[in-house]
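Chain A is already provided as a structure; the job is to place chain B on it using the hints.
Just so you know, the sequences run in chain order A and B. The numbers in the first sequence follow the UniProt record's numbering, run straight up by one, and end at 392. The numbers in the second sequence follow the UniProt record's numbering, run straight up by one, and end at 392.
Since the hints were derived computationally from the structure, they do not count as laboratory data. Heads up, some of the hints might be wrong.
[As the list claims (entries may be wrong)] Taking CB as the label site, the calculated pair distances span:
hint: 1; chain 1: B; residue 1: R187; chain 2: A; residue 2: D189; range: 49 to 59 angstroms
hint: 2; chain 1: A; residue 1: P277; chain 2: B; residue 2: K227; range: 55 to 65 angstroms
hint: 3; chain 1: A; residue 1: E245; chain 2: B; residue 2: D105; range: 15 to 25 angstroms
Glycine residues also receive a C-beta, built at the ideal position from the N, C-alpha and C atoms.
There are 2 protein chains.
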Amino acid sequence: MSTTASSFKQAEHKLLSVPGPVEVTDEVLFANAHPSMSHVSPAFAPVFGDCLRYLRKVLYTEKGQPFIIAGSGTLGWDLVAANLLEAGQKALVLNTGYFGDAFADCLETYGAKVDQLGAPVGGRPSLEEVEAALKKDKYAVLTFTHVDTSTGVLSDAKGIAETVRRVSPDTLIVLDGVCAVASEEIRMDDWEIDVVVSASQKGISVPPGVSITALSQKALKVLDSRKTPIPAYFANYKRWLPIMESYEKGTPAYFATPSVNLIYALEASLKSIVDGPVSLEDRFKMHKEAAKKFREEFMRQAGKLGFKTVATSPEGAANGMTAVYVPEGVAPPALVGALAERGIVIAGGLHKDIKTKYIRFGHMGVSVVERPSDADKILAALKDALQAVKSA
Amino acid sequence: MSTTASSFKQAEHKLLSVPGPVEVTDEVLFANAHPSMSHVSPAFAPVFGDCLRYLRKVLYTEKGQPFIIAGSGTLGWDLVAANLLEAGQKALVLNTGYFGDAFADCLETYGAKVDQLGAPVGGRPSLEEVEAALKKDKYAVLTFTHVDTSTGVLSDAKGIAETVRRVSPDTLIVLDGVCAVASEEIRMDDWEIDVVVSASQKGISVPPGVSITALSQKALKVLDSRKTPIPAYFANYKRWLPIMESYEKGTPAYFATPSVNLIYALEASLKSIVDGPVSLEDRFKMHKEAAKKFREEFMRQAGKLGFKTVATSPEGAANGMTAVYVPEGVAPPALVGALAERGIVIAGGLHKDIKTKYIRFGHMGVSVVERPSDADKILAALKDALQAVKSA
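Chain A with its partners taken away, still in its complex shape (with noise of 0.2 angstroms):
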């Protein structure tokens, strides 16, 4: 017999607390183990058309065109990087971590000629020095990450695109959300933001593997007056386009072979982030909400010790994670053991100049809307590791 949506039930494994990938639903396993179907078959059609349609929804706009691209949210960097810049034009980059630094590495590669703004780790540009820098010079794009994974710094990401509407109309603003879409509001439309960054693996609650990017008419139009031709193949929005309408009007297309399992693991997630019982308002107030209790039940137990949170202000720290850094006398390796053994995975450094001084944790998605029990099971491990680790 075979097994069906409700028989099946997850393997037992340790609580995953990393910021991304995240957990999943048993609905969300069982999807991305769906018999195999052919890409173009008249069954699958609709389920990447729910995509886009339900990927709308999340990024609250209208006209935005949806992109889902077999791939790592990398990718999502070379799709803007060689499609809505041509080489020789600039770039600012709002720098708030690892993954500024990289983002202005891939746009470089295409040729693009890079400012950074950043600001000292744990910190953000405001935004008088951005209005500044779009004012002594003229950008194509600016990018910046709404949530830097390697710091858990929050980029206020209205604010940013308020300011640049107001200084520098004809940039493009180009928000990355990999660590952000579905865990932090998003409001394309709204903002004028003209460029969404993302992938299946964080908020979103899908395992790994699916670029997700989205781009506002003005991107599109951009895209369709460039003077250059696009320098990429696979990452061209053009060969993209045609398949990802065609798809969402119910009629398979082909240019490249699409995740077929993965889309089915994504329609799964998304419906119930769209159509779920929990609103999507309501989604985000619930990581403000969870992300706060987290961090207040950390210091509390561990504040003393002198962990101390990665970004420097409150306003400034994402709501799906948190980087924190370790007191003297605690090797965070030890602690990430530790915290192993006791069935829970967190995350150690990542950002450059900090790196062996720091661990992550995520708290989004399934963890915070479906099973909020799991930060208190986190802390609860983490009490007891920080015991073992200190009396080691």
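This is chain B only, laid out in the frame that chain A set:
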């Protein structure tokens, strides 16, 4: 209670008999439903490492370097074009169908000067023609599609490689094996193939979403001695090489998040291909025998009606798929539809010159090795479907 490997049986579904994606085993789907894991967890790293080791066996290479990257098979063309050629260098594309045209297009996108050597639809360039072309000009790379999914034409991989090595030993030999790896014999070391491009969803029998490529030591040297920077970020082998080396040693490393669940699925399938009860040699033999039998039975049933294989010679016909012209009076969509009504999913045409005149069947992987009775089901349904279409 959680679902276990032995209790998981994939959902009932139509038999997928297109030339990829193909049917996959319950074990592979169960692995694809693995609970969320960190891509840098010590438990995941050896799984990734095993995939690399197994791929070497499948390709009969000791020192070839496999790369497993989230993406479609198509991404492999970008990897070749962006990394192993520099703008202005020449490439010779042996064209046996749609995938030759498209690979050429990709190479040109990155600035290569491409010459194509084709043949009438269903045929393949002769080794004499290849030799003559190589003597006329100097090519940095030669590419060929081992099995062109649009025509079912099989290239003589060994013969082509011998010719290139003899006539133009510096030319890199690129085998596009998306529809060939694990269903056709490929002896990377013995035949001195420099690059194999593949994907998860065909002979490898895993859901789509993973680009699989492998480079010879010679190709790695070409990569290493480039004079110009690699014009891509995600599709940059130099960024991925240390990641692959690290995972193979069992140590996680990060450049972009791999498709963790698909890699569990890949491990499950490659393990059964490499270490299962059927040897690799027997696997290839079984594909040859199954293809021969399928085409004989098909022609016995339908040959007198005017069906005809697209591949014009038996030695130039793939062992994992068959493309067949339908006779006047039979509409391919009607036949595809009639088969779907009978639980069998086959594919329509793809090659631009004959698109509306033919149909395609897949017979590779699970349907050949684990469940040879799939072919009987297809042929029985075909008989019935043909009656229905003729009498309609």
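Consistency of the hints with the structure:
1. At roughly 56 angstroms, the beta carbons of R187(B) and D189(A) sit within the given window of 49 to 59 angstroms.
2. Between P277(A) and K227(B) the C-beta distance comes to about 59 angstroms, which sits within the given range of 55 to 65 angstroms.
3. Taking 15 to 25 angstroms as the suggested C-beta distance range, the pair E245(A) and D105(B) conforms, at roughly 21 angstroms.
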